[in-house]
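Using our numbering, you'd call the opening residue of the sequence shown number 11 and step up by one each time.
Be careful, since some hints might not be right.
Derived lysine to aspartate or glutamate pairs resembling EDC-like cross-links, with alpha carbons at most 20 Å apart [to be verified]:
#	residue 1	residue 2
1	Lys95	Glu145
2	Lys92	Glu145
3	Lys84	Asp138
4	Lys17	Glu171
5	Lys72	Asp160
6	Lys62	Asp138
Read the hints as simulated data drawn from the structure, not as lab findings.
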Amino acid sequence: MDSDLKKKILRMIPYGIYVLTARASGGDITAATVNWVTQVSFDPPLVALGVKPDSGAYVALKESGGFALNFLGKGQQGLAFKFFKPAEVSGGGISGEAFHNGANGAPVLESAAACVECAVVEIVEKGDHHTVIAEVRAVHGGAQIDGRSDAFGLHMNELGENVFYGG
Numbered sequence: 011m012d013s014d015l016k017k018k019i020l021r022m023i024p025y026g027i028y029v030l031t032a033r034a035s036g037g038d039i040t041a042a043t044v045n046w047v048t049q050v051s052f053d054p055p056l057v058a059l060g061v062k063p064d065s066g067a068y069v070a071l072k073e074s075g076g077f078a079l080n081f082l083g084k085g086q087q088g089l090a091f092k093f094f095k096p097a098e099v100s101g102g103g104i105s106g107e108a109f110h111n112g113a114n115g116a117p118v119l120e121s122a123a124a125c126v127e128c129a130v131v132e133i134v135e136k137g138d139h140h141t142v143i144a145e146v147r148a149v150h151g152g153a154q155i156d157g158r159s160d161a162f163g164l165h166m167n168e169l170g171e172n173v174f175y176g177g
């Protein structure tokens, strides 16, 4: 298989940008920008996402059984870049961003356009990212979304010409 062509074609899949937050069993908070996310069921409402198994976010969601998926909106590129590196928790914030604890204990970012709290249903441990299947248990925000919801979110191609993931 032509490796460059494979990358080019797989990068045609559109990706939204999210910040996954979780609280480990010991109370440590993690946050990471993620993009391999999709809804996979209406009833019950299920999402699937790819998470690197050596990341702090993966360890925390696996230990706690839950996480929050904070949706970023147009113009929130800075927030996405902020969580490309390890999160720092101090002064009541995560990397300087205010949050409140969701019902499942995961941090919900105040600045996110919207958020879903999820309970882990299953983890498929294959590949360099494991697939987490989770049930949406609570929703936050979204009141400012006008028109099509899928046009409101921040997408990978809006992060700049040199930012790619996938392939």
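Here is what the structure says about each hint:
1. Of the supplied pair hints, the one linking Lys95 and Glu145 is violated, its CA atoms being roughly 27 Å apart against a limit of 20 Å.
2. Of the supplied pair hints, the one linking Lys92 and Glu145 is violated, its CA atoms being roughly 27 Å apart against a limit of 20 Å.
3. Distance restraint check for Lys84 and Asp138: the Cα-Cα separation of roughly 29 Å exceeds the 20 Å cut-off, and the hinted pair is therefore not satisfied.
4. For the given pair, Lys17 sits about 15 Å from Glu171 by alpha-carbon distance, which is consistent with the 20 Å threshold.
5. For the hint linking Lys72 to Asp160, the alpha-carbon distance of about 28 Å lies beyond 20 Å, and the restraint is violated.
6. Of the supplied pair hints, the one linking Lys62 and Asp138 holds, its CA atoms being roughly 6 Å apart against a limit of 20 Å.
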